[in-house]
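Peer 1: One-letter residues, chain by chain:
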Amino acid sequence: MSQQGYVATPPLSQAQPGVSGYPPAFGVPPSQAHFGHYGSTPQSHPSPPTAVFKSAASSGSSMPAPPGPGQFVTNGLHNGVSAHGFPPLTSAPSGSAYPPTSYPRLAPSSASTQQLANQMSAMQMSGYGHGPLQGPQLTTSSVAQPISQPPPPASGCPLTAQAPQMGPPPPVSGQPLMSQSPQMGPPPMGVSSAMGTTATASPMGMPGSFSGPLPSPGSSGFQQPPGPQGFPPQQAGPYAGQMGGQPGFPGVFPPGAAQMAGPPQKKLDPDSIPSTTQVIEDDQVKRRGQVYATNLRGQVPPLVTTDFVVQDQGNASPRFMRCTTYSFPCTSDLAKQCQVPLATVIKPFAVVPKNETPLYTVDHGEAGPIRCNRCKAYMCPFMHFIDGGRRYQCGFCNCINEVPPFYFQHLDHMGRRVDVYQRPELSLGSYEFIATLEYCKDKKPPNPPAFIFMIDVSYSNIKSGLVRLLCSELKTLLERLPREEGAETSAVRVGFVTYNKILHFYNVKSALAQPQMMVVSDVAEMFVPLLDGFLVNFQESRSVINNLLDQIPDMFADTGESETVFTPVVQAGMEALKAAECSGKLFIFHSSIPTAEAPGKLKNRDDRKLINTEKEKTLFQPVKGVYEELSKECVSNSCCVDLFLFPSQYTDVATMGSICLHTGGSVYKYSNFQAQVDGDHFLRDLRKDMEKPIGFDATMRVRTSTGFRATDFFGAIYMSNTTDVEMAAVDCHKAVTVEFKHDDKLSEDTGALIQCALLYTSIGGQRRLRIHNLSLNCSSQLADLYKSCETDALVNFFAKSAYREMVNQPLKTVREILVRQTAHMLACYRKNCASPSAVSQLILPDTMKVLPVYMNSLLKSAALVGSADLSTDDRAHHRLLVTGMGVEETQALFYPRLVPLHNIDMSSEAVPAALRCSEERLSDAGVFLLENGFQIFLWLGQACPPEFIQSVFNVPSFAHLSPDMTSIPELDNAMSKKLRSVIEHMSGQRSQAMKLFIVKQKDRSEVPFRQQLVEDKGLHGGASYMDFLCCIHREIRQLLT
Amino acid sequence: MATFQEFIQQNEDRDGVRFSWNLWPSSRLEATRLVVPVSCLFTPLKERLDLPPVQYEPVLCGRANCRAILNPLCQVDFRAKIWACNFCFQRNPFPPTYAGISEVNQPAELMPQFSTIEYIVQRGPPTPLIFLYVVDICLEEEDLQALKESLQMSLSLLPPNALVGLITFGRMVQVHELSCEGISKSYVFRGTKDLSSKQIQEMLGLMKPAPAGQPGRPPAPQEVQPSCRFLQPVHKVDMNLTDLLGELQRDPWPVPQGKRPLRSTGIALSIAVGLLEGTFPNTGARVMLFTGGPPTQGPGMVVGDELKTPIRSWHDIQKDNARHLKKATKYYEALANRAAMNGHCIDIYACALDQTGLLEMKCCSNLTGGHIVMGDSFNTSLFKQTFQRVFSKDYNNEFRMAFGATLEVKTTRELKVCGAIGPCISMNSKGPCVSENEMGVGATSQWKVCCLNPSATLAMYFEVVNQHNAPVPQGGRGAIQFVTQYQHSNTQRRIRVTTVARNWADAQSQIQHIESSFDQEASAVLMARLGVFRAESEEGPDVLRWLDRQLIRLCQKFGQFNKDDPASFRLSESLSLYPQFMFHLRRSPFLQVFNNSPDESSYYRHHFMRQDLTQSLIMIQPILYSYSFYGPPEVRFYTPSVA
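Residue numbers (this note's numbering), protein chains in the order written: chain A, 7 to 1047; chain B, 37 to 679.
Among the hints, a few may not be true.
Capping the alpha-carbon separation at 27 Å, the derived lysine-lysine pairs in DSS-like fashion look like this [claimed, not checked]:
hint	chain 1	residue 1	chain 2	residue 2
1	B	K184	A	K450
2	B	K229	A	K638
3	B	K234	A	K607
4	B	K184	A	K515
5	A	K609	A	K450
6	B	K362	A	K447
7	A	K507	B	K234
8	B	K593	A	K449
9	B	K117	A	K609
10	B	K295	A	K584
11	B	K229	A	K607
12	A	K507	B	K229
13	A	K382	A	K447
14	B	K362	B	K344
15	A	K584	B	K234
16	B	K229	A	K630
Computed spacing ranges between beta-carbons, pair by pair [unchecked claim]:
hint	chain 1	residue 1	chain 2	residue 2	range
17	A	S478	B	G282	40 to 48 Å
18	A	K481	B	T345	48 to 56 Å
19	A	S654	B	T345	51 to 59 Å
20	B	Q235	A	T717	47 to 55 Å
21	B	E178	A	K481	54 to 62 Å
22	B	Q235	A	S726	54 to 62 Å
23	B	Q235	A	K481	31 to 39 Å
24	A	K609	B	P468	57 to 65 Å
25	B	E178	A	I440	43 to 51 Å
26	A	E546	B	G282	16 to 24 Å
27	B	Q235	A	L443	42 to 50 Å
28	B	E178	A	L443	49 to 57 Å
29	B	G282	A	K481	22 to 30 Å
If you are wondering where the hints come from, they were derived from the structure by calculation, not from laboratory data.
A virtual CB, placed ideally from N, CA and C, is assigned to each residue, including glycine.
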């Protein structure tokens, strides 16, 4: 409560007599009395609620319009406000940036609404304590003026204003530091999120509920019936108009619409609903380039889209672990009540940027890393040394352990070890241990991993030019095999196999004058025909390998074989690794569904008639049997499978990809591959895939402090029991989402501790343990939880859990569950954390305000939307991809970045600010770039400037552009260079090489592009953002009644 | 009985035939009383410097179940141009080409000196000889090196147009493709999984590709006879193969301490047989297996890979303690039969200090007429020279080997054939002259002998069918015709016909004649072959007892003695040495296994069962030469064959 209080209630308490019990704690000017409804938590204080309701009502009556568009405006503003919570200097410009876009549009509706809006915004801003600054600048109406007056005291001394607010948290977090450092990320965040209780009302919802026969709950809540009655004359008009103007949503509020009188007046302003780009930009403005020190428990990190520097001070960087919420509820009842998933997305191998410190390596000698005797947690900053340093208490299980003599160190006057800063394991959140033989398979030091290239040389791959392209590329690619940091050459050994319906192994021993091919046609029982000479060091066998790569395309140049096998290929690779006693990765370049007579033979089961039926899920269920067995074997032999697919028709990605999914591999798919057209894209993918940091033969264990535990794991993993996450390999893009459940009460004092230990073999063949530690807050207040939620991580969790569920349940059910849970989370917030307000208002917690747009996007995603227009393989592929994704990737995927290029600032290095993903943002004269991590679209408006076309494509006009272009020519002019550098910059941030599509407006090729405009109605089904908000709102209202 | 000696010698020289009895008892009962059956040693391809083959087709008897070949014993009516078959008495007209014959213008086959005659016949296109090397690579480095050299050397000994193939095996089996440029290819098979011939051909890509169903695809380039990839003319792949052999490495799979290397001999042979079966059925081919140890995995395994379990000994076998024996034997027998049916022969060159499983594998050579060579190492002159001798040439500069032979026996009515013992298998051809009483490989009048050399000799056993009360009339002659069709090493198809006849004699009145017609050398070998044949399937003591009883019965029949006076025992000259041969036979390694491993026994028996009379006798009764400064070496123990 205290936290909630310190952020949200101040305005309230001062304004409301009923809440006046609180004021002492908050130094916010009393002038904001009428904004009471944004704050308090009704559930914790039985009495305040009534007061709050009253205030809400009164505010409503005094200002007839608060609920309507004003809500949205305030929300928009709110974003801005929270962005400049601390330094006043930034607030002004950005704050002023918004009104122009949002207000003018509102203006026509009616004066009263506009005033209201302004007032609302002002109110809200002032509510934040540091927001008021904007008030004066925003004021465009007389009504706003008076409101702006109160803020000055606060704005005049933002710091002081903050300080008192910060006051309350210390007792909870025990870290008074926060309020002292204005540049600290978290505090403002906390403030804003608290405020973020920002009421955001669905524009539709309002009118509906207002003009309608007043929903009973609402009316009962309102103590002043005149309020609602008072509204209609003023408000019904505009809203009714909106309803009329948007026949697209009839389902949402039919009765309301019917009852609404008045002619349509104006279309609802899309700017008024919470904007993802805005949230991203705000966070960037606020935290970009800052140092994020991880010394505090439960602090919420910047968004994934923000560029920041992490300084490890005892908790793992958010790059490694990012939680759905940084404040866990104390009890399972609370957790159940709010239904906010408690999860963390762990990306154990995340790339550490150059400007951050790489992980330290710790060697505890022959005895191996020091671990708690009971729970086996590894030495970490959460261990408390006691007894003069002779013993330590495990932070996870509270067991008291002896400190081994060699590790003994005295404690200082604070009770900390004197050497705490000399030892990474005592002061850092992430570090590595050198593993002893105890941690190795068969107690033998591991061999360096191997890469096996398995090339399908059947007719279609030969014809598409893939084999030739690949073989010539491999020659250069092999020179750049990944190597251990600091090592001169790569320890990775390589092997080669070609196959169609039989397999050809190659002996490329350095001693040979020319390679030897060994054919295995016994695909029923695959085996590896050779040992010595199959896996070789590239440096030593370079000439033989190059000889081989030269010959392969010619050897099969006139093949007529069109049938392929698949599982025998994987098995062969796995057996080879097994025989060589090493871990490794198979790169399989495969063309078609395996139909040759062999184990794992597949048949076409792409039955589009199943779509939108109960049985649709079967399309995504992998074929069991051989595939299941093989995945298991691959994992136990630490054989990771990367599949590059070059299909021309259905290949059953769901089944073939299942092996990759379980072995930590990736699936790449290039439909109708043509070397000249798609070669570049494929090669970039291959390069990235091969060079990315990776660990092999990995086992991950997530340990938690008492009271909760990891219960579910989502990712490209295999689990043979309930606790150990096995991964044949894990690379820098693979993330495991771990869900936690309570099994006891958590204490606010000790918080919740998570230790993720990953045992793996490095690329150089060293066995290591990578430890990530993270401490979270615990709170008995749901408000705290909502305040420290992380929407991007939530989306990641929901996506992965839904995608897993979709093979077990009908897709319709999965979608319903998603909607229901979203509604439930929001309803719970509304019920327990938000200040009371009209039921008709849609109120979203600040940290979740863009959750609906993401959820809607998830619901519309290829995998979940049932449409016969989408290829089953693409959907299955999408599903597999997401399962292994980290937060950054899911964020980009579910809310692509849309960047305008026509008015690009050529002098600036930065990528232009993104726009909301909606068709409305496009213009005929514009040029836009859209990327989602997998594809990148260059959209050219019909009326886009010919100069642009000329300078980028070297053709005179739009009409001259060929529709099947896939690349941008390298031209020597500023525009072309700029464009290419922007694209390059974007690709650099992503795990895959994005495929470039050049889309001409009104062209057939626009379809896939339009699919990415996630705020619009889905091309293959799925609601628009606006519709979805309405839908969610309705659900919430149902839940609240 | 110098006359009989001369007669025997003359017959042997001309026809390669030595009968146990050169006068035949005229009834079944008499024949049985003679103890030693009417039988002969027949050397089908006996080298005859004075026998130029004739270049035309033989004339056959027109009777469907006779088909005997015109021979000097036939009665010919020159005027009517009709000949009477001496086996079935069918009267046949001569073919039109014989229109010009008369008493003074007789074709060769009618002349008495041509009782053995060889025809060269045209039967389809000539097929080249095929040599398929099956090489064990689980050898010591030194051994492998020596073997590689021998193999490389052998390439120069092969006829240039011969097809050659290479299969190597260890833990896996590799079939090497020989026609490829740039990159050497081989097909690899698991050493533990038995495959049917069809599967093997499928996996080697030898099946006819199914008609291309997908339109729009360029038709696969027509393969130039797919088998070519694995079996190539020596002159084409000489260099390639020499390099390939040179690059052969020891089996790379690690052999842990205390284990034998995994050797998939069974599968390697199966693949060799399957490959030939699919590509060149009924063509002369030699599978040459070079192995340096026992098969240790897969079907046909003889011993497990644990060194602590030694390979089976006679002791184990007698105690029924040889786990793999029966299964392996059965496996190799099936394989040998398949190879033999297709006319392919299998040689085994086994060089190792320990046993290599010859006991189980011997049938591969025994049934197909292949060689077995047993040595200690490939790096010994024994192996090297023996191996070279396989490719030795005769006076015509042609290989001393013939392939895919079928031997058919025809008899006159009084005789029936009981069986043959030698490197042959039955072709299950039941005819009127087949006896129900089987001796050796019986119940047929035709045998397949996949590989013959000039000394290869079969023992043939006959039975007199005339009942005692209806004996053959005096003065009659019984005749036997041996028809050997084979592929000569120069790829010609040839037919060699040997027709022999002997007089019938009444055992009661002419017992002395019969006694003096006894060929004790031939009889000793013939009885020895029966004994060894039995020893393969029966317990050693039983065989010895049987031999003893036979000897006793013979002596009883022909010996002259006074009752209860051992010193009075006398045997006539024609039988005098026979007991001595039996004595040596009893203690020979062919019947005694003491101090011999099962492999050695198999090896000795294998050789004994195919040698000609002289060699066999020496093997039964070794010769002791005595050397002195004053003359050439002398044989101290007299054996008539050497004298």
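Peer 1: Work down the list of hints and note, for each, if the structure agrees.
Peer 2: Against the structure, the hints come out as follows:
no. : hint                         : verdict
1   : B:K184 to A:K450             : violated (38 Å)
2   : B:K229 to A:K638             : holds (24 Å)
3   : B:K234 to A:K607             : holds (21 Å)
4   : B:K184 to A:K515             : holds (21 Å)
5   : A:K609 to A:K450             : violated (43 Å)
6   : B:K362 to A:K447             : violated (41 Å)
7   : A:K507 to B:K234             : holds (17 Å)
8   : B:K593 to A:K449             : violated (81 Å)
9   : B:K117 to A:K609             : violated (74 Å)
10  : B:K295 to A:K584             : holds (20 Å)
11  : B:K229 to A:K607             : holds (21 Å)
12  : A:K507 to B:K229             : holds (19 Å)
13  : A:K382 to A:K447             : holds (19 Å)
14  : B:K362 to B:K344             : holds (21 Å)
15  : A:K584 to B:K234             : violated (31 Å)
16  : B:K229 to A:K630             : holds (26 Å)
17  : A:S478 to B:G282: 40 to 48 Å : violated (32 Å)
18  : A:K481 to B:T345: 48 to 56 Å : holds (50 Å)
19  : A:S654 to B:T345: 51 to 59 Å : holds (56 Å)
20  : B:Q235 to A:T717: 47 to 55 Å : holds (50 Å)
21  : B:E178 to A:K481: 54 to 62 Å : violated (39 Å)
22  : B:Q235 to A:S726: 54 to 62 Å : violated (36 Å)
23  : B:Q235 to A:K481: 31 to 39 Å : holds (37 Å)
24  : A:K609 to B:P468: 57 to 65 Å : holds (60 Å)
25  : B:E178 to A:I440: 43 to 51 Å : holds (45 Å)
26  : A:E546 to B:G282: 16 to 24 Å : holds (22 Å)
27  : B:Q235 to A:L443: 42 to 50 Å : holds (45 Å)
28  : B:E178 to A:L443: 49 to 57 Å : violated (38 Å)
29  : B:G282 to A:K481: 22 to 30 Å : holds (29 Å)
In terms of the numbered hints stated before, the structure departs from hints 1, 5, 6, 8, 9, 15, 17, 21, 22 and 28, listed from lowest to highest.
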